[in-house]
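Undergrad: As a plain string of letters, each chain reads:
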Amino acid sequence: MASSTAVLRAEPIQFPRKIIALLPGVALLTVVGLAGKVLEKSIGTYTKAHHIVFPNIEYVLWAIVVGLLISNTVGVPAWFKPGVATYEFWLKTGIVLLGARFLLGDVLKLGSVSLVLVLIELTLSIAFMTLLGRIFKLSPKLTSLLAVGSSICGVSAIIATKGAIDADDEDASFAIAAILALGALALFTFPPIGHWLGMNDHMYGLWAGTGVDNTAEAVAAGALYSDAAAKIAVLAKTTRNAMIGFVVLGYALYWAAREGRQAVGNKAAFLWQKFPKFVLGFLLISLLASLSVFNKDQIGSLANLSRWAFLLTFAGVGLRINFKEMKKQGLRPFIVGALGEIVIAAITLGLVLGASKLVKL
Amino acid sequence: MADQTNETKKKPAGLSLDGWAVTVALVLTALVRLGVLKHVSW
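In order, the protein sequences belong to chains Y and Z.
Just so we're aligned, residue 1 is where the first sequence starts under my numbering, counting upward by one.
Just so we're aligned, residue 1 is where the second sequence starts under my numbering, counting upward by one.
Because the hints were derived from the structure by calculation, they are not lab data.
Predicted, not measured: the structure shown is a model, and the values here were computed from it.
A hint or two may mislead.
To be verified - With a straight-line cut-off of 25 Å between C-alpha atoms, the simulated DSS-like cross-links for lysine-lysine are:
{"no.": "1", "chain 1": "Z", "residue 1": "K38", "chain 2": "Y", "residue 2": "K296"}
{"no.": "2", "chain 1": "Z", "residue 1": "K38", "chain 2": "Y", "residue 2": "K37"}
{"no.": "3", "chain 1": "Y", "residue 1": "K277", "chain 2": "Y", "residue 2": "K18"}
Said to hold, decoys possible - According to the in silico footprint, chain Y covers these stretches of chain Z (three or more CB under 8 Å from chain Y):
{"no.": "4", "segment": "22-30"}
{"no.": "5", "segment": "33-41"}
A virtual CB, placed ideally from N, CA and C, is assigned to each residue, including glycine.
Chain Y extracted, bound-state conformation (with noise of 0.2 Å):
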């Protein structure tokens, strides 16, 4: 949690010295990266030369895998660190620029779509989370954090509402361990789970990004499914994410009452404060592309962008996902989190399955 507090710290920006304090970190996202892209080209190109039969496993996992191999082997050095931390910086990016694959007709039809799930998850994640920690005995304000990290954004909307709550350290470090770790483990179970199901591109999209946590393992599920999938995974994680701002809202304003704190001020400051302002990024991009702003080859070259960022993105997942440090943190609000994800990824499939019924997904 240093590094939260320390973001929130207002100190005067060195520019330069701050830029190469990041690219170490940067250059191994790079390296972890790109070693994701060789071996899914190298192992393939082998399999295939010597005639074995060996499924095809994306770049992404890859560049998980080898980052968290780094992660828990050798460690990521101390000045590796600010740059590696640019993970989500490069995800936020990558979301933004693949705006140019989505006409806005598109992003309103899916995107309604996905709001109207989003709505009924977010409201039966909530009550079950809490449900949860009470059964669990876990502190209030740990649930608290704990059902708005399963139900919303992960570790951004942890970091938000800790703020607004007024939450310890020590719970918002034990709901980021639990969501960090649950997220992980979506990216080894939903891509099977899709498969068996036999769940289209859409379907598998809309379920990615609505029941797995956080952004980056949202996207990094759907990529492991098929690019199509990758891209209705990032819409449908997008609008909720920006929920983000009504619920941290609706649980300060709970906090302050319980504790007879002063409420929220401003309300409709409050919610763009804690809008997640590259939506707007995303919509302007698409608005763009809707409006025949580039050609083909153009589109092209911002989708690989789009890809590139987040092949860093995907590498930052692997290499900050330390077992020792979640292990630390122990095991009850593990259990919690994860009994919590088994039901939230249930609701959010049965969700996906029913909509699939009513609408062309």
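Knowing the structure of chain Y, use the given hints to seat chain Z on it.
TA: Below, chain Z without anything else, positioned relative to chain Y:
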């Protein structure tokens, strides 16, 4: 952290992470649109 519930807390100067992501994406988009970045391969 309690003071974060009202909007009195001063935010650090400069762009937020989202602001940087949108800015960089828009710059890249402009470079592609203007033909400075061509045929980005994957």
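Undergrad: Hint by hint, note whether the structure agrees.
TA: Verification of the hints:
no. : hint               : in the structure
1   : K38(Z) <-> K296(Y) : 12 Å, holds
2   : K38(Z) <-> K37(Y)  : 22 Å, holds
3   : K277(Y) <-> K18(Y) : 23 Å, holds
4   : 22-30              : holds (count 6)
5   : 33-41              : holds (count 6)
Checked against the numbered hints given earlier, this structure breaks none of them.
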